[in-house]
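> So the chains spell out like this:
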Amino acid sequence: MNGLNLLGLFIVLVFFGLMIGVTILARRREVPKLREIPAFRRLDRAIGLAVEAGSRLHVSLGRGQMLSRQSAIGFVGLSILDRIGRSTSISDRPPIATSGEGTLGILSQDSQRVTAKYLGVESDPLRGRITGLTPFSYAAGTLSFIEEEEIGANLLIGSYGNEVALITDAVERKDGMTLGGTDNLTGQAVLFATAQEPLIGEESYAGGAYLGAGRMHNSSLYVQDILRWLLIGLILLGAILKLFGVL
Amino acid sequence: MDEIYCPLCGKPNPVGNKFCEYCLGFLDNQENNSIDPGFTKEEETRDSGGEPMADEQHPEGSGDIRDPDSRDQFTEEDKGLGLELPAADSYDWMPGSSSNVESDQDDISPISPFVGDSEGDDSGEIPSWLNDALEDESSPETLEFEEPIEVSEQPLLEEEQEIKQKSPGKLESAGPLAGLSGVLSAEPGVARIRKPGAYSTKIRVSENQQEHVKLLQSLLEDEGQPKPLPRKSPISQQHVLRWGIAIVLLLAIFWSVLFSEDQLALPVYDEGSAEVNRLINQLPDNARILVGIDYEPGLADEIDTTAVPVFNHLMSQGGLLTLISTSPNGPILAERFLHSGRLEYEYINGLDYTNLGYIPGGAAGLISFIENPQGTTPFSIDGFSVWDSESGEPLPPVVGINQINDYDMIILLVDDPDLARIWIEQLSPIITDPLTLSSLVLVTSAQLEPVVRPYYESIPQPVNGLVVGLRGGAAYSRLIGGDQLPGKFWNAFGMGTFIAALIILVGGLAYYVVPELSRTVRGQEKVN
Amino acid sequence: MRNPLYPAVAIGVGIVVLLGYFLQIDLLVNVRIMFLEWATILVGIALLVGVVNLLIVHWNKITSEHPNRYNSMALLGGLIFTLLVVGYFGPTDEVSVWIFNYIQIPIEASLMALLAIVLIYAGVRLLRRKPNLLTIIFIGTAVVILLMSGPLFGIDIPGLAELRIWIGKVPAVAGARGILLGISLGVIAAGLRILMGSDRPYGEN
Amino acid sequence: MSWADWIGALLGFVLTLLVFSYLIGDNQLFRMILHLFIGVSAGFAATVVIYNIIFPRMFAPLIYGQGSEQILALVPIILAGLLITKISPRFAFIGNFPMAYIVGVSAAAAIGGAVMGTLIPQTLASMNLLDVQASQAFDADLGLRLVNGIIILIGTITTLAYFQFSTFSNITEKTQLQTWIEALGQVGQVFVAITFGFLFAGVFSAALTALIGRVLFSVELFQSIIELFL
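Residue numbers (the working numbering), protein chains in the order written: chain A, 1 to 247; chain B, 1 to 528; chain C, 1 to 205; chain D, 1 to 230.
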């Protein structure tokens with residue numbers, strides 16, 4: 001039994017326990033507020049506009065591979081799609097989701113179908129679209145989609161590489177708005193330069209909490225904060241011990 | 001001249017007329033003598049405000065109910081039912097209304113076919129006395145504008161007189177006693193024996209108010225019209241900036257590709273590239289090399305150009321290659337790279353190299369390949385059995401390979417930071433194991449440097465050598481000498497990066513400062 | 001009533017595979033490898049379902065006289081031609097490599113080349129859109145690295161080459177590591193929400 | 001060059017020009033080329049999946065396997081059959097079972113990958129930054145290594161602190177702790193900006209190389225054509 005594997009299991013169990021604990025505590029005591037993230041504030045306004053002015057929202061889920069780390073940000077994108085779907089499905093131009101991976105495409109169609117059934121409106125399978133099956137063909141398909149449809153705001157929450165610049169450039173040409181975050185470092189650097197409201201690093205995973213996708217999303221953020229400072233303490237302690245040759 | 005006054009409208013009529021010339025009311029010679037004739041014409045035409053009734057108040061022709069045109073509007077059926085001819089509602093204050101009849105139901109006694117019947121003339125033709133009366137009124141001289149009487153001012157008493165005048169033997173046309181004649185109305189004031197007349201209301205509207213009304217109406221009509229979107233100019237500031245950048249960059253590259261004679265000096269020394277060179281020099285003859293191909297076709301130019309000098313050096317020492325990939329495009333990119341004609345050596349499939357194809361499942365697939373290569377990829381992508389010694393000799397590139405650390409070197413061509421980390425982390429336990437002779441070398445895109453360099457810098461090293469981007473490839477070309485592919489790109493690359501830095505720096509500052517300056521200038525002008 | 005079967009499957013299978021990562025018990029590791037193998041097959045099938053979805057969407061556009069139906073014809077033509085030819089000859093045959101080399105590579109490489117102009121354009125507009133310290137540092141770093149990536153007409157500004165290497169080895173690595181650690185916390189939280197049944201993206205939310 | 005290569009090179013040149021026409025403005029030809037590209041790349045991806053997954057991993061164990069292998073090989077085939085129902089919206093609910101399976105496995109793979117692939121290795125690497133003994137063993141320049149190590153350590157910690165989500169300020173004013181955290185976050189932002197600036201230059205270098213590649217391809221094509229006629 002490798003020591004690192006056991007350490008890994010311990011981390012996961014601590015994370016799981018803290019999430020349950022914080023969720024229970026949050027019911028009884030007042031929890032600290034979340035810091036302001038401008039991108040999500042603008043997204044709120046864009047959702048409001050989608051209902052009142054009938055401007056369409058485009059949620060892009062990226063092209064992350066399912067059986068890897070990239071699937072996690074795909075799940076966050078699906079939670080946000082479900083949340084937005086419920087609040088804008090009564091508008092006359094409900095949101096459309098695009099994705100560049102087969103499984104994500106199917107899950108986005110399922111999400112729209114369940115939301116339509118929940119709200120009692122007619123479901124349209126076209127609202128979950130697969131626009132391409134490789135990174136660059138996904139960017140090309142999404143670029144064409146943005147050029148053809150009248151999109152008010154584009155929310156990019158998923159796994160992208162440098163090809164995401166093609167999508168943000170198409171939005172720029174239509175004077176649209178882009179809010180975006182990804183788990184890929186090069187994709188983040190490109191979004192930082194090209195998106196109106198870029199999400200940096202871990203902020204992409206906080207979308208569910210900021211849009212009210214569920215109590216567990218908020219608890220996750222508090223647990224991430226707790227573990228963040230544990231990690232900082234551990235690194236500092238380890239580095240100092242290494243410096244003095246203790247470790 | 002002896003005159004008699006009409007009991008309905010009070011107008012003077014010559015004696016002997018049975019019907020009033022103005023309102024066609026029935027003239028009864030004995031009763032009318034009691035009305036005071038002092039009610040002269042001027043008072044009739046003066047409205048309450050003392051203002052003379054200007055003709056404009058009856059614009060567009062004054063046609064009244066007797067106007068032949070307006071009669072046609074009422075079908076025979078209405079008449080047949082004995083219904084009163086409903087006065088044409090006149091909204092003369094509405095400009096453009098087609099009929100401008102001011103009529104007052106009470107002035108007009110119904111021309112009901114039943115009346116004709118009762119007088120015994122069944123021929124259905126209009127009686128001659130009526131025709132004469134109609135012809136007199138139709139001549140222009142006698143046509144006078146009638147002064148509309150305010151219905152609301154009419155005393156209730158007159159209404160009762162009007163009912164009494166109706167012939168006593170009148171047949172009941174509605175209600176349960178329909179068809180009977182001589183029925184006394186229960187309460188004349190309340191029980192209406194016919195359909196309530198449509199009273200025209202005449203609002204005194206001044207000229208100014210009329211203008212306002214027109215304005216309001218034009219506003220209402222405009223609301224419905226689709227307003228064309230303000231036409232965006234086809235060429236905006238965006239386009240000019242984009243075209244300018246494209247033209248400058250393309251011209252610079254074409255110029256340096258076509259006209260620059262001597263190639264600029266290649267980078268003198270790059271630590272990572274030098275280390276790879278050293279490791280390849282140490283390889284034994286016919287070394288077994290595992291090559292991971294994980295980049296997108298879009299970055300083929302950069303990765304291939306960077307990798308060509310490394311593989312030329314490797315092939316010069318007879319290295320035998322096993323190609324593997326965790327992305328669908330990998331196997332085809334590998335074939336294209338080996339047969340693109342850019343390499344100095346031509347390798348033969350099955351002899352110098354074998355292509356194991358694509359391992360699906362990302363990290364999970366790679367873990368299973370690293371733990372068990374034969375089980376994960378038993379066949380090459382062409383369907384040949386690669387490892388099986390029973391069905392014949394294993395292919396030369398995999399002879400003696402049972403597990404991953406039997407390979408002398410692992411080279412990874414990669415453009416994505418996540419894929420690079422997955423490979424490094426899965427291979428790290430093997431590479432950092434002191435007993436392992438294998439070394440891990442990365443040939444990557446320039447965008448990966450901050451992600452992969454820590455693995456090269458850390459101790460122990462999970463990555464033993466690093467060739468990053470075109471700069472790394474150019475440094476490697478200088479180490480092995482000869483006319484390598486990076487050299488062709490190097491001058492244009494230098495020109496392109498310089499121009500890009502210049503545009504971003506100068507253009508960015510100008511794009512920010514100029515509007516700020518003009519805004520402050522405008523602000524000062526407002527202040528002065 | 002929501003069907004409890006789906007969450008049970010997702011949570012059960014997920015926990016087994018997760019334990020297989022950490023506990024090196026043979027049975028658990030073999031079960032994990034088998035589950036991953038099946039999932040790999042299903043992800044491949046999902047890709048084929050995605051291809052069929054593309055076919056249906058664009059076939060409907062063609063038959064419904066959609067204004068952009070000629071684009072859909074080009075897509076379906078390319079898809080069916082490639083499936084037939086590459087499917088028959090095999091992905092690494094000469095004919096397949098010809099299609100890849102002279103259709104997919106030119107288009108994808110040209111799209112990548114377009115990024116060069118798009119990124120300069122974004123770099124020029126960035127300072128005006130977000131005039132703050134972060135942007136100034138971002139542009140300053142990018143300009144220094146760009147100037148030192150290429151030969152710079154043979155001019156060798158002393159110290160600039162070392163500065164480029166130092167930036168790549170120290171501050172850039174520090175920022176990248178901090179971001180990666182933060183992202184890993186986010187990934188663990190998102191994964192645990194699925195394994196706790198709080199998030200159910202498989203059609204039952 | 002063979003005639004096939006000649007036709008291919010000319011076709012590649014035309015496709016390159018049509019893609020570059022997007023610089024002038026969005027146009028119908030560019031859109032058509034994009035859709036052709038989406039179709040061809042989807043065709044390649046589907047064929048590689050069929051060659052590398054469907055035949056060797058789904059059907060080969062069923063045909064060539066023995067005993068329990070064949071029975072186990074039935075499971076993915078059944079799950080695949082259920083998954084195919086996702087093509088039709090009406091029967092899509094049948095495919096929820098295999099989707100739940102994929103989501104469960106993916107979540108576990110994501111957690112396992114994040115913990116074993118990023119969290120632990122990056123944390124250990126951060127701890128080893130000030131490892132004096134290792135540096136001496138590799139006779140590296142100790143002083144420079146320690147200074148760089150301290151800067152990387154500060155950068156990593158402040159970048160992590162920048163992402164802090166919960167605020168500890170009460171209604172009226174910020175607490176001392178909140179001020180400290182935000183100060184750390186400001187320093188972390190500087191490191192984030194430097195990292196993104198470096199990565200941005202790297203992405204541009206890759207794109208520039210691709211642009212030079214397209215120019216070289218066009219120039220070489222015309223040179224070959226000219227050589228034909230000379």
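Note that these hints are calculated values from the structure, not bench results. Any given hint could be a false lead.
What the hints assert, rightly or not - Label pairs and their calculated CB-CB ranges:
(1) I136/C with L228/D: 47 to 55 Å
(2) G143/D with D175/A: 29 to 37 Å
(3) F10/A with L29/D: 36 to 44 Å
(4) L216/B with E149/A: 47 to 55 Å
(5) V31/C with L4/A: 16 to 24 Å
Every residue, glycine too, gets a C-beta built ideally from N, C-alpha and C.
> Would you mind marking each hint as holding or not holding in the structure?
Here is what the structure says about each hint:
1. I136/C with L228/D: 47 to 55 Å: About 53 Å separates the Cβ atoms of I136/C and L228/D, which means 47 to 55 Å holds.
2. G143/D with D175/A: 29 to 37 Å: Since the Cβ atoms of G143/D and D175/A sit about 54 Å apart, the hinted range of 29 to 37 Å is violated.
3. F10/A with L29/D: 36 to 44 Å: Check failed, 59 Å falls outside 36 to 44 Å.
4. L216/B with E149/A: 47 to 55 Å: Distance hint for L216/B, E149/A is violated at roughly 39 Å.
5. V31/C with L4/A: 16 to 24 Å: Given about 21 Å between the Cβ atoms, the range holds.
Comparing the model with each earlier hint shows violations of hints 2, 3 and 4; every other hint is respected.
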